[in-house]
Every structure is written in structure tokens, then in C-alpha cells.
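J.: For this one, chain E is given, so just place chain B on it according to the hints.
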Amino acid sequence: MDFANAFSIENVRFILDGFYMTLKVAFLSIVYSFVLGSIVGTIRYMKVPVLSPVLGLLVEVMRNLPLLLIIFFARFALPDIGIQLGPVYATIVALTLFEGAMISEIVRSGLTSVHKGQIEAARSSGLGYMRTLWHIVLPQGLRRMVPPIVSQFISLLKDTSLAVVIALPELMNQSKIVIGQSNNYVVPVLLFAAVLYFGVNFALSLIAKRFETKIV
Amino acid sequence: MPDFSILTKYFDFYMEGFVNTIYSSIYALIGSFVLGTVIAVFRISSIRPLRWAGTVYVEFIRNIPLLLVVYIFFLGLPSIGITLSGFVCGTIGLAVYTASFIAEAIRAGIMSVPKGQTEAAQSSGLTYVQTMRYVILPQAIKIVIPPLSNQFINLVKNTSVLSVVAGLDLMYFGDKIASRTYATFDTYIFVAVFYLVLTLPLSYIALQLERRLAKRG
Numbered sequence: 241m242d243f244a245n246a247f248s249i250e251n252v253r254f255i256l257d258g259f260y261m262t263l264k265v266a267f268l269s270i271v272y273s274f275v276l277g278s279i280v281g282t283i284r285y286m287k288v289p290v291l292s293p294v295l296g297l298l299v300e301v302m303r304n305l306p307l308l309l310i311i312f313f314a315r316f317a318l319p320d321i322g323i324q325l326g327p328v329y330a331t332i333v334a335l336t337l338f339e340g341a342m343i344s345e346i347v348r349s350g351l352t353s354v355h356k357g358q359i360e361a362a363r364s365s366g367l368g369y370m371r372t373l374w375h376i377v378l379p380q381g382l383r384r385m386v387p388p389i390v391s392q393f394i395s396l397l398k399d400t401s402l403a404v405v406i407a408l409p410e411l412m413n414q415s416k417i418v419i420g421q422s423n424n425y426v427v428p429v430l431l432f433a434a435v436l437y438f439g440v441n442f443a444l445s446l447i448a449k450r451f452e453t454k455i456v
Numbered sequence: 396m397p398d399f400s401i402l403t404k405y406f407d408f409y410m411e412g413f414v415n416t417i418y419s420s421i422y423a424l425i426g427s428f429v430l431g432t433v434i435a436v437f438r439i440s441s442i443r444p445l446r447w448a449g450t451v452y453v454e455f456i457r458n459i460p461l462l463l464v465v466y467i468f469f470l471g472l473p474s475i476g477i478t479l480s481g482f483v484c485g486t487i488g489l490a491v492y493t494a495s496f497i498a499e500a501i502r503a504g505i506m507s508v509p510k511g512q513t514e515a516a517q518s519s520g521l522t523y524v525q526t527m528r529y530v531i532l533p534q535a536i537k538i539v540i541p542p543l544s545n546q547f548i549n550l551v552k553n554t555s556v557l558s559v560v561a562g563l564d565l566m567y568f569g570d571k572i573a574s575r576t577y578a579t580f581d582t583y584i585f586v587a588v589f590y591l592v593l594t595l596p597l598s599y600i601a602l603q604l605e606r607r608l609a610k611r612g
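Heads up: the protein sequence lines correspond to chains E and B, in order. Under this note's numbering, think of the first position of the first sequence as 241, with each following residue one higher. Under this note's numbering, think of the first position of the second sequence as 396, with each following residue one higher.
Please keep in mind that the hints were generated in silico from the structure rather than gathered at the bench. Honestly, I wouldn't trust all of these hints.
[To be verified] SDA-like cross-link-like pairs, simulated, lysine to any residue; straight-line CA separation at most 20 Å: (1) B:Lys571 with E:Met370; (2) B:Lys571 with E:Pro319; (3) B:Lys571 with E:Leu318; (4) E:Lys416 with B:Pro473; (5) E:Lys449 with B:Phe496; (6) B:Lys537 with B:Phe496; (7) E:Lys356 with E:Met370; (8) E:Lys416 with B:Ser474; (9) B:Lys610 with E:His355; (10) B:Lys610 with E:Ser353; (11) E:Lys449 with B:Glu454; (12) B:Lys571 with E:Asp320.
[Stated by the list, open to error] Taking beta-carbon pairs under 7 Å as the criterion, some of the chain B residues facing chain E (in silico): (13) Leu462; (14) Ile467; (15) Thr513.
[Said to hold, decoys possible] If you want the footprint, here are the derived chain B segments under chain E, 3+ residues with CB under 8 Å: (16) 453–461; (17) 470–480; (18) 547–553; (19) 566–579.
Glycine included, C-beta positions come from ideal geometry on N, C-alpha and C.
Just chain E, same shape as in the assembly:
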């Protein structure tokens, strides 16, 4: 174990660059997957003919595949059918599709969990379908969605590490490169990476807990 040399200024900067990439990719994927998941989840809840079952099938396929496979596929298999994505975009696309599928399920079950009597009452008070959805179902469903969605975001942040397989220069990848310099760097560098991941995720989970107690 050689903490002093493992944490030379160059090494620390190199790893922190990776950390920045991790945060950037995670943030963009969180935004996109949230948008995608909300749309798909709502469409599936509304039981639109043809569209809902087709989306349902796609969601099931996505959810039941390993993310590693989807990332790899986005980077190395899509060029075979003429779609060329760099490591950053391949990761974002893969994470958005996979986590979007997960979030769509959370959104759908959150909306479904709203009591039927609520909808009937709204409809008989003269609210239209969209207004019932917007004013009655959504506010109640949203409360139940927040905790699982935040834990999905934490998973997403951890899952960015899988982009190692397509050599995205994120935290895990950079740490591995530094470890490659010397056998004595293994423990300090892995520890450092663990602390960084832990820090962000733990902060996220604390925020989630606060949210939970506040709105429910």
C-alpha cells in the first residue's frame, strides 16, 4: 500500500476528471430517463390501444436485460446497422433506455395506486379525463413515486461504472488506469473511488429521506 504516491497530484486530478465525467453522464441520463420514463409510464397507464402494449413489451425486454449488455450493444453493435455512437453518447443512450424502462414502471404503478373512487368522484364532478389525470391522479401518485425514483437514480449513478467496458473515461475507468501503474495503488485508489461514489449516493439517499417525510 502506497498512499503517498498513489495520491500524487496528477493521479488525483486524473481520477477527479473521471468523477466529473461520472456525474455529467449520470446527470444527463437522469434527466432523459426521467422524461422518457414519465411519458412511457403515463401512456401505459392510459391504456392507449396498440401503443401501450407495444411499449409494454419493449419495457419488459429492456428491464430483463443486463445493463452491461445494453451499454456494450449501444457502442459496438449499433455500428453494424449504421448507428455510430461515441462512448459518452452510447452510455447516455443505454442508461436512458434502461433506467427509463425502470422509471416507467414506477410511474405506472404510482398512477395505478391512486384509489379508483378518487377518479370516479372527479369524473362525476364533471372533470374531463386529462384534467382528472392532471389534478387528481398525478398529485397523489407522485408522492408514492418519489422514494423509488430516487433510489433508481442512485442505481443509475452506480451503473455508470459499467461503462468501463466501452472505456468511457469515468471514475471506475480512470481508477483502473491509475491502479495499472503499480500494485501498491490498488487499495488506496479503490478506497478513494468508493468514498466518492458513497459520498454522492449517500447524500442523494439522505435528500430522498427528507423528501419522504416532508410530502407524505
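T.: What follows is chain B alone, placed relative to chain E:
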């Protein structure tokens, strides 16, 4: 239409990876269940240091990536003189990682049984073990099964990280086949199908189980 000759020509490779993925899943499932149960017991124990140890384990492992856990075993152990194969490191890492989620699921299940149940059982003269066996666990299991089955499906999918440490799983063999055929797209379509063959029935069973438990109330 994917090229089926890849599937027939490299069927042995696909099968070897598929079988290793199943083995890894089973070993990791057993390991994580045992470890997860122990940690759940730690977390609800009345002995404070045990409770702390359980909490630290769960909070730390849950918040770091699985790949990092696997690297700790794959890169970290050799630096103290222990070298294990990628398959073993990957499976151990997977078990250690999944255990933290299983521990939380079990703990939440046990906690969800009202305290009055324990008190009633104890004042009827049941011992601690009897209380657990006949009163708490039968009620907790209903709440524990849905999250546990979800964790198991995640575990099966997560075996794919074995490929990063040359763990001879399905993904690893997919890579091997793709580097021979140069048909990455078609090769991985079949890899995906093999994964779905495993995970879709599991998801279906999990859903049915959940519905049955929900109906019984």
C-alpha cells in the same frame, strides 16, 4: 434477420457461458441470502455494536457500484497474496453486494410485523425462537418475498459483470464469439435472447407470486 449460422456454429460457446451464468447466479443467490439474513439479524439485534456493524455494511455496500465490489476482490486480494479466478471473484462480489439489499428487505419485512404480535407471543410463554418461527416470520415472509424475488432477478442480470473480470459468463463468451465472427450485432442479439430465456420466466413467476400473496392479504 439475425444470422442463425452464428448460433449453430458457436452453440457450445453460448451454452458454456449460459451454464456458467446459471451457476454463478445460484452460488451468489445462496451466498447473498445467508449473508443477508445474518446482517438483517445484526441490524435488528439489541446489541449495539452488532447493529452498527450491520448498518455500516448495508449503507456502504448499497452506495457503491457492484463493479467496485468485484474489483476489491479481483484487484485487491492479489495485493495481499490471494489470487482467485474471475468467476470466483465475480460471484463473491455479487453475493456481498446483493446481501446488502437482501438484508434490507428482510429487515423491513420483520419490522413491518406490529410489536404487539411479539409481545402477545412472549406473554403467552413462547421463547424468542418460537416467536420468530411461529409468529413473526410467517407474517414477514409475505412482505419479504416480492422484493427478494426482484433482487434475485437483478442478481441474474448482474452476473454479466463477471465478463469484466474474465469470469467465463454469457457476456464473456459473447465477446469471444463476436471477436471471431465480426458480427457484433447478430452475436449479441443471441446473447440477449439467452438472458431473456433466464430472466423473463423469473419475472413472470415473481409477478404471479406477488399477486397471489397480495390476494391472500
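J.: State for each hint whether it applies.
T.: Results of checking the hints against the structure:
1. For the given pair, Lys571 (chain B) sits about 51 Å from Met370 (chain E) by alpha-carbon distance, which is inconsistent with the 20 Å threshold.
2. Restraint check for Lys571 (chain B) and Pro319 (chain E): satisfied, since their Cα atoms lie roughly 18 Å apart, inside the 20 Å limit.
3. For the hint pairing Lys571 (chain B) with Leu318 (chain E), the CA-to-CA distance comes to about 18 Å; that is within 20 Å, so the pair holds.
4. For the hint linking Lys416 (chain E) to Pro473 (chain B), the alpha-carbon distance of about 15 Å falls within 20 Å, and the restraint holds.
5. The hinted pair formed by Lys449 (chain E) and Phe496 (chain B) meets the criterion: a straight-line CA distance of about 17 Å does not exceed 20 Å.
6. For a cut-off of 20 Å, the pair hint linking Lys537 (chain B) to Phe496 (chain B) stands: about 17 Å separates their Cα positions.
7. With a C-alpha separation of about 15 Å, the suggested pair Lys356 (chain E) and Met370 (chain E) falls inside the 20 Å cut-off, and the hint holds.
8. For a cut-off of 20 Å, the pair hint linking Lys416 (chain E) to Ser474 (chain B) stands: about 14 Å separates their Cα positions.
9. Our distance criterion of 20 Å between C-alpha atoms is met by Lys610 (chain B) and His355 (chain E), whose separation comes to about 17 Å.
10. Among the hinted pairs, Lys610 (chain B) with Ser353 (chain E) is consistent with the structure: their alpha-carbon atoms are about 15 Å apart, no more than 20 Å.
11. The hinted pair formed by Lys449 (chain E) and Glu454 (chain B) meets the criterion: a straight-line CA distance of about 14 Å does not exceed 20 Å.
12. For the suggested pair Lys571 (chain B) and Asp320 (chain E), the alpha carbons sit about 17 Å apart, so the restraint of at most 20 Å is met.
13. Given hint, Leu462 (chain B) at the interface with chain E, holds; its Cβ is 5 Å from that chain's nearest Cβ, closer than 7 Å.
14. With its C-beta approaching chain E no nearer than about 6 Å, Ile467 (chain B) sits inside the 7 Å limit, and its interface hint holds.
15. With its C-beta approaching chain E no nearer than about 26 Å, Thr513 (chain B) sits outside the 7 Å limit, and its interface hint is violated.
16. Proximity of the region 453–461 of chain B to chain E, defined as three or more residues with a beta carbon under 8 Å from a beta carbon of that chain, is established by the 7 residues found.
17. Given as covered by chain E, the region 470–480 of chain B passes the check, having 4 residues with a CB less than 8 Å from a CB of that chain where 3 are the minimum.
18. Note: the region 547–553 of chain B has 3 residues with beta-carbon separation from chain E under 8 Å; the three-residue rule is met and the coverage holds.
19. Restraint check on the region 566–579 of chain B versus chain E: 5 residues with Cβ-Cβ distances below 8 Å, three needed, restraint holds.
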